[in-house]
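*Asks:* Chains as they are written, first to last, in my numbering: chain A, 1 to 174; chain B, 1001 to 1195.
FYI, nobody ran anything at the bench for these hints, they're computed from the structure.
Careful, some of the hints might be misleading.
Residues from chain B shown here face chain A by an in silico Cβ test under 8 Å; the list is partial [stated by the list, open to error]:
#1 1034
#2 1038
#3 1041
#4 1057
#5 1059
Every value quoted in this text rests on a predicted model; they were computed, and no experiment measured them.
Where a beta carbon is used, it is the ideal one built from N, C-alpha and C, also for glycine.
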Amino acid sequence: MISFAADYFIMVFVASLGVIQAAASIGGLRGLLVFMHPRIARTLGIALAIGAIVWFFAVAERNINDYEGGLDSNQQGILFFLAVAAAGILTCALTSPLNKRLRRNCDARQSGDAQNADYARPVGNTTHAVADAPLPGLGALQYGSWWQAMTQNYRYWYRDARCWRTQIKRYFSG
Amino acid sequence: MLADADKALFLWINALVGHAPVIDAMMSRLASDYLVPVGMGLTLVALWFVGSDDRERMRHQIGMFTALTAMALSSLVVFICNALFFRPRPFDGLDDVSLLFYMPTDSSFPSNSAAVAFAIAAGVWCINRHLGIVLFVAAAVYGFSRIYVGVHYPADILGGIAIALIITPLTLRIRNLLMPLLVAVIKVARLFAIA
């Protein structure tokens, strides 16, 4: 059972890594890409996902009842969630240092277009109106790495830390 | 009469086993508990990240929650049906069944696999028609493969589909009621740049 569960976890984990790369390239989330070229990222992602599934079915017989070593639906659900979460964490950890220079490049490119620069610039450098805009979440990864998006979010909250109630109200009502 | 037709249709489909080993092997993989469900799960993962802007991404993310809720509720309804009514599997009730799968011990009707797969497909169809159709086709192939390998009657699959198609509109209503909560959850996730 443990080896079956481990195989299932590895399959979903690797396939999720691939799916995240493919989906990030389609969604334009360059901060999550290991390879900057979208077509390479997409091809690599799809190959990883298909490869993981092929490997899972190639190494052993998988049509096994849950009381004979297979997984029941609850175990499947939990392992699937954990594997996807692990793949997401690894993607963020791996791409944050890799895409450190992405925001700097975007800043330089967008310097003539201040209106669209709210995702790209650190909050401390923006006007008050731009800083008050709702946090973009995954949208920030179009212009920077996950770590840069997190530090931008941190600045947004830290700036008015004393009036955190207003800050929370404004964020969730916006 | 309907039960006889159901058995006759099952035997006709199951009689295809053994004619082409390649198709048998393919159907055995397709009927697996791990191929189509994992594929559908990965599609939901992809949906989480895809979108041209924040609004579209949020629509997809809410759609993902809807599909998961529809899947969970369909599974719950199947569980209740199984507790109330037990139908033996084809290999228990009929002679000359070619079985390409392990022997499940739970009730044959309604099919949990079909209910879950069609619930996810219907949930996705509500937010993305093209992707929804692809998932409906995958769910249909999954359902057919379960008959082919000998673990379900056609009526079991139709029962699962009916449950999924009844539950999904209910899930949409629940989603509308819980929309502020869903939006708040997604906004919290945005704080961590994961939604």
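*Asks:* Work down the list of hints and note, for each, if the structure agrees.
*Replies:* Taking the hints in turn, this is what the structure says about them:
| no. | hint | verdict |
| --- | --- | --- |
| 1 | 1034 | holds, 6 Å |
| 2 | 1038 | holds, 6 Å |
| 3 | 1041 | holds, 5 Å |
| 4 | 1057 | holds, 6 Å |
| 5 | 1059 | violated, 13 Å |
Violation of the numbered hints given earlier is confined to hint 5; every other hint is satisfied by the structure.
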